[in-house]
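J.: Given next are the chains, with one letter for each unit.
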Amino acid sequence: NAGVTQTPKFQVLKTGQSMTLQCAQDMNHEYMSWYRQDPGMGLRLIHYSVGAGITDQGEVPNGYNVSRSTTEDFPLRLLSAAPSQTSVYFCASRPLDNTEAFFGQGTRLTVV
Amino acid sequence: ELKVEQNPLFLSMQEGKNYTIYCNYSTTSDRLYWYRQDPGKSLESLFVLLSNGAVKQEGRLMASLDTKARLSTLHITAAVHDLSATYFCAALTSGTYKYIFGTGTRLKVLA
Numbered sequence: 001n002a003g004v005t006q007t008p009k010f011q012v013l014k015t016g017q018s019m020t021l022q023c024a025q026d027m028n029h030e031y032m033s034w035y036r037q038d039p040g041m042g043l044r045l046i047h048y049s050v051g052a053g054i055t056d057q058g059e060v061p062n063g064y065n066v067s068r069s070t071t072e073d074f075p076l077r078l079l080s081a082a083p084s085q086t087s088v089y090f091c092a093s094r095p096l097d098n099t100e101a102f103f104g105q106g107t108r109l110t111v112v
Numbered sequence: 001e002l003k004v005e006q007n008p009l010f011l012s013m014q015e016g017k018n019y020t021i022y023c024n025y026s027t028t029s030d031r032l033y034w035y036r037q038d039p040g041k042s043l044e045s046l047f048v049l050l051s052n053g054a055v056k057q058e059g060r061l062m063a064s065l066d067t068k069a070r071l072s073t074l075h076i077t078a079a080v081h082d083l084s085a086t087y088f089c090a091a092l093t094s095g096t097y098k099y100i101f102g103t104g105t106r107l108k109v110l111a
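Residue numbers (my numbering), protein chains in the order written: chain A, 1 to 112; chain B, 1 to 111.
Please keep in mind that the hints were generated in silico from the structure rather than gathered at the bench. Heads up, some of the hints might be wrong.
The following label-pair restraints were derived from C-beta to C-beta distances [as the list claims (entries may be wrong)]:
#, chain 1, residue 1, chain 2, residue 2, range
1, B, A69, A, A2, 24 to 32 Å
2, A, T86, B, E44, 21 to 29 Å
3, B, N24, A, V88, 23 to 31 Å
4, A, A52, B, T20, 20 to 28 Å
5, B, D66, A, R77, 39 to 47 Å
Stretch by stretch, here's where chain A covers chain B in the computed footprint (C-beta under 8 Å, at least three residues) [unchecked claim]:
#, segment
6, 20-34
7, 57-68
8, 101-109
Where is the CB? At the ideal position from N, CA and C, for every residue including glycine.
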């Protein structure tokens with residue numbers, strides 16, 4: 001099993017550009033989520049989904065959009081990148097029985 | 001809204017010593033999770049604590065949960081260098097599916 005796959009691993013954007021971070025899982029997990037990790041702030045929840053067609057906001061949703069058209073994929077879109085969005089982004093998935101989550105390898109995003 | 005706090009934020013300890021990392025959460029939570037992260041790497045699940053009084057152990061790490069005190073602890077016994085990492089706790093927001101992470105504890109075990 002591949003688990004949770006994130007692409008790209010690294011990305012540099014200019015302020016105002018848009019991009020999509022991809023996340024795919026092959027474990028048939030209903031729950032998927034996006035976190036950002038910043039020094040000294042732990043992981044903060046951006047958006048999450050409990051199934052195809054269902055998404056909700058987390059702690060820091062502003063500036064990010066998500067959609068969930070299939071169980072496997074949960075892309076994160078930055079519509080107009082800002083330097084404050086420079087961070088490491090992690091995608092995670094887990095079953096709805098709230099057992100452990102599985103994390104992707106992360107995407108290191110720099111906005112200049 | 002659920003808030004999760006960990007302390008200490010940084011911990012430097014000698015090999016062979018014992019220490020405890022604390023995780024406090026602000027409102028009722030159904031479950032508590034512990035994860036480990038090595039530098040530049042992803043997060044790896046350590047423990048899932050399901051109920052009050054739950055205790056789980058793996059090697060030199062033992063985690064416990066006191067839901068009445070809204071407190072979980074991660075105890076390290078006879079630390080070794082390989083345990084150097086950042087440890088995160090996360091609590092499940094009661095009645096929802098989302099869970100909130102603490103700020104992490106960066107542990108450095110000195111030989």
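J.: May I ask which of the numbered hints given earlier this structure violates, with the numbers listed in increasing order?
T.: Hint check: 1, 4, 7 fail, others pass.
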